[in-house]
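Asker: Reconstruct the complex from the two isolated chains, following the hints.
Order-wise, the sequence lines are chains V and F. With this note's numbering applied, the first sequence covers 1 to 299. With this note's numbering applied, the second sequence covers 1001 to 1325.
Hints are computed from structural coordinates only; laboratory data are not their basis. One should not assume that every hint holds.
Derived DMTMM-like pairs (lysine to aspartate or glutamate); straight-line CA-CA distance at most 20 Å [said to hold, decoys possible]:
#	chain 1	residue 1	chain 2	residue 2
1	V	Lys286	F	Glu1130
2	F	Lys1125	F	Glu1232
3	F	Lys1234	F	Glu1220
4	F	Lys1234	F	Glu1223
5	F	Lys1125	F	Asp1064
6	F	Lys1323	V	Glu185
Computed footprint of chain V on chain F, listed as stretches where at least three residues anywhere in the stretch have a Cβ under 8 Å from a Cβ of chain V [said to hold, decoys possible]:
#	segment
7	1169 to 1182
8	1259 to 1266
Just so it is clear, CB atoms sit at the ideal spot from N, CA and C, and this is done for glycine as well.
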Amino acid sequence: MSSTTTTVAAPKPDERLRLAPRPRERKFSRGRTLRYVLLLVFLLFVLTPVYVLLVTSFKGAGDATADSAWALPSTWTLENWSAAWEALAPAIGRTFLMVIPAAIISSVLGSMNGFVLSRWRFPYANLVFTLILFGMFIPYQAVVIPLAQLLTVTLQVPSGIPSLIILHVVYGIPITTLIFRNYYESVPGELIEAARVDGAGMLRTFASVILPISVPGFVVVLIWQFTSAWNDFLFAVFFASSQNGPVTLALNNFANGALLQNYGQSMAGALLASAPTLVVYIVLGKYFIGGMMSGSVKG
Amino acid sequence: MSVADRTTPGTAGATAPAGTAPRPRRHRNRRYVAPLLLISPSLVIVAVFVYGLIAVNIRTSLTDANSAATVTGQEPTSFVGLANYVALLQDPDFQHSLANMAIYTVVFLVGALAVGFVWAWLLDKPIKGEGIFRSVYLFPMAVSFVASGVVWRWLLNSNTGDSASGLNALFEMVGLGFLQNSWWSNPTWGIAAIALPAVWQLAGYVMALFLAGFRGVPEELREAGRMDGASEWKLYRYVVFPQLSPVLLSALIIIGHMSLKVFDLILSIADSANYSTKIPAVDVLQYKSSFEYANAAAVGTILLLLVALLIIPYLVRTARAEKDR
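Same shape as in the complex, but just chain F (with noise of 0.2 Å):
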């Protein structure tokens, strides 16, 4: 697309004599001033900021440093390997933090995606009042977690009968008190609950994803199903969603990562030492908090490993399909 700067001669190349002799160096090399200087500060930053500090990181997991002595300095520290490693995952606490991000992640992923799917779909043909509904739906998007936790914190209190609010008060309302329960209080299917303000705050972000992909089915193709014959429900199970992969993989990828890094409504809707809604993320901050910063630093780099894993095969498809086009 834009290989004009390397295939036309520049400023530089300009003067120099027609023919096929390499140019000389001190041309090229005044080509790459302007903009490694446009560049280079950000460059420089992003080589500290997130790959120094993730080196330094590691390093500081593999150490003893989990004491206010040896973390403020007073005592050295020394390497131990992955003995902090091996430590956490042992860890029947840290086990639970593991087995929650499981639940959490499950519950999120499934939900946020079938809600901004059927979104998607329900708005993919014409419908009066397009823009309201589609605006509606994203607005959770715009504001903090913090700020609906606070919310939902009180729609999902665990107290029953007399001192109910929230979804229980409602339930006992309408006439299902069965349905009440202790939401997040439950210490081993607690979390599932806070993964309820998160659907409602990202289900729109897939429906705008997903709505992009449902636009972006060529016309004729519909046409074509419809010209076979095909009622409206084969022409989308046959025509239109197998389209849809793309989109469906970006949003696994997009709602997965930051499944493991749910923090913001933890805190605001429990609380960072609350034991049913304990997960990895949080447990950094309790970690640093009592001095333990190789315990910290290993949870950190445990987190960094899993988003690894899934957002790097998926930079490195976007960044082939870049070169394809």
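Here chain V stands alone, though its shape is the one from the complex (with noise of 0.2 Å):
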């Protein structure tokens, strides 16, 4: 089949949306002009967004106003980001607790799944990997209801962060082994075939030969679990209170909860909210961009 058929390969995330040689352009073209002010005004559309969110954030009450709407603020302050920071902050202490061992945890799960898949190819195996895959496509909503029933009523989990890890674990199976799988395949077999000839079982070759070479899909799977259970927002409607949820909860219930709507402090709260996953985009953009292209399970 064509080249766009490859398997991500989780060593370069973004090999696949690299440049590739051509011959060059005129240097002034018409075309070239065109080009650019069409990306330039995609670019404001998509920046627009973030600019009323950060000049609402420093307004005051008095800016309120539909004339100012657009308008830099008319005196800066910090009101808003104190107010958003006091009412968000156990919520993002609390979402940190949850995000960092949902990912751990999941990331465990699915580079052993997706070890075993790359490499043993018993029965049934396309299936039962084509079993796990389709956990990630389904509508939580089609589970939610005998799932409260499972986790609150029978397990007895406590409502919250608890539940929560629990279930960004669990859903997260399908996406972790996907992206371990597809790393996994572009291991060289003899690797694997040289810790065999010195006598190493399964297990053995994973713990001493496989995992050392993980480091670069772990990082590509921690990040894509963080950052979706970071902005997770249906489990935490479900399974969680603001008092004890997320952070997407809690700025919900912060930005659209009180009766009479005070954009600057919801602003700043969303804005607080991102942070986290924004400073990963920024830092850690192309691991961030591998784990979104195996979404795709294949290009």
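Answerer: Listed below in structure tokens is the structure:
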């Protein structure tokens, strides 16, 4: 098949987006100028909400009129930020406590599964893999009623962070398995063979040969899981309250719960709640894209 | 690719005498122990939490557990067959949800695919600053729908005139006041307004898919087209674009199935009880809070069916392609 069907190679996540060497274009062409203009217009479109968020978050109460809606603040103030921080800080702390264990556990499970599924062709291996993958796409609304029964009543897991850690681990298994399986497919077979000749069994091979070379795979998966668990709202709505839940739930309550909308505070809160994932995106963006591309199963 | 495990003798096989006789069963079984040990926790979890719960959910949807008393077990439930499904599909409120879901899907799908495709096309040929454009176009993916919902709630505020904010205020400011509208508060088309932030958030993802597709077109193909004297437009139209159809299909399926599941954006921009933005994925929450568990389960199952119709053929196709590799 065509080269677009290569599986995602996790070691260089953005490899498929790399520039191919192309013949150079003439320096000043009308086509190129048009492209730049269009690209800049789209850039403005994408950044407009960011402008609104930043500007509004520094506005005082006096700036709330229609005329000044898009203007810079008449006086800059940090009041909104301190109010938002006060309201959201505990939830931000809880979200870290939820996201870190969830990301680590689901990555470890994913790496075990990915290794087995990439190296061990047991009967119906493809079917098993496909059945695991399907779990990634299901609407969680289709399981939420019995899930609440199972977690809260049968297993007695406390609502809030403990429930959510379990849910992010459980429903993270498909994507982490997928990313690791694709990653291990790219590991040369000779490496495994060498370990086998040395008398290492599968478990030993996994622990002493595979895990040490899995660091790039783990980076991709951890970042992906961190971001998606941080941004989750659906599970939070069903399995937590704004008192014991993650920051998305607290933010929604903070921004929309009040009778009179205070946009300055809500927008400062939205920026605070997004800061960790944005930092990850800015610092480790290419790994984030690697995880995102695997979500498509195959490009 | 990795058939090493099956075709070469493993540690257990190495001690067996050479020959064609089948290996003793005991040894074969031992080779299954280690991999099973690694994978079985996840298999059990997925079997219970995905397939087990789907089965229980379907069973609930076939009962009359639609009141607080039945849900808490104080009163027995009985089997009612497909009655809940029939009632739902005849209920004008649920029909409104389905219509909203259809409108949202069309606007989101067309918007995200068109914008993402144009971005990828603009970035296909080398251009200075490509990395910056790409990173900015993609960044909304890293933000939660709840956080972006805060700003889009302001942008899509339905107030006009002196109390306007967001886009309505912007239209007023630049003299396009006639463009002011009620956005998501409109009962028929309001849901389409919710697709705007969704396009904003996911067009970058579609761009990344298409960009990978563009870069995957072999340079020799383009070169051959140029040798034949094809213009730049014809090169795209007849050589490059046809190569992108697998990417288009992937994007259609992924964005399409996401649009059926939209939930966060609606709750953060509108409200779970808001009529004009009502969709099945939110109805589940409403039914659950009013103890209509059977209805909630039935709506969940309908959603699952729709998603499965899109995803299963896609997964099967992918598995086949892998096998052929």
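Asker: Each hint should be assessed against the structure and marked as holding or not.
Answerer: Checked hints:
Restraint check: the Cα-Cα separation between Lys286 of chain V and Glu1130 of chain F comes to about 14 Å, which is no more than 20 Å; the hinted pair holds. Straight-line distance between C-alpha atoms of Lys1125 of chain F and Glu1232 of chain F comes to about 11 Å, which keeps the hinted pair within the 20 Å bound. For the hint pairing Lys1234 of chain F with Glu1220 of chain F, the CA-to-CA distance comes to about 16 Å; that is within 20 Å, so the pair holds. The suggested pairing of Lys1234 of chain F with Glu1223 of chain F holds, with an alpha-carbon distance near 13 Å, which does not exceed 20 Å.
Taking the CA atoms of Lys1125 of chain F and Asp1064 of chain F, the gap is about 60 Å. The hint is violated against a cut of 20 Å. Note on Lys1323 of chain F and Glu185 of chain V: the hinted pairing holds, with a Cα-Cα distance of about 13 Å set against a maximum of 20 Å. Restraint check on the segment 1169 to 1182 of chain F versus chain V: 4 residues with Cβ-Cβ distances below 8 Å, three needed, restraint holds. Beta-carbon proximity to chain V at under 8 Å applies to 4 residues in the segment 1259 to 1266 of chain F; the threshold of 3 is reached and the given coverage holds.
Violated hint: 5 only; the structure is consistent with all others.
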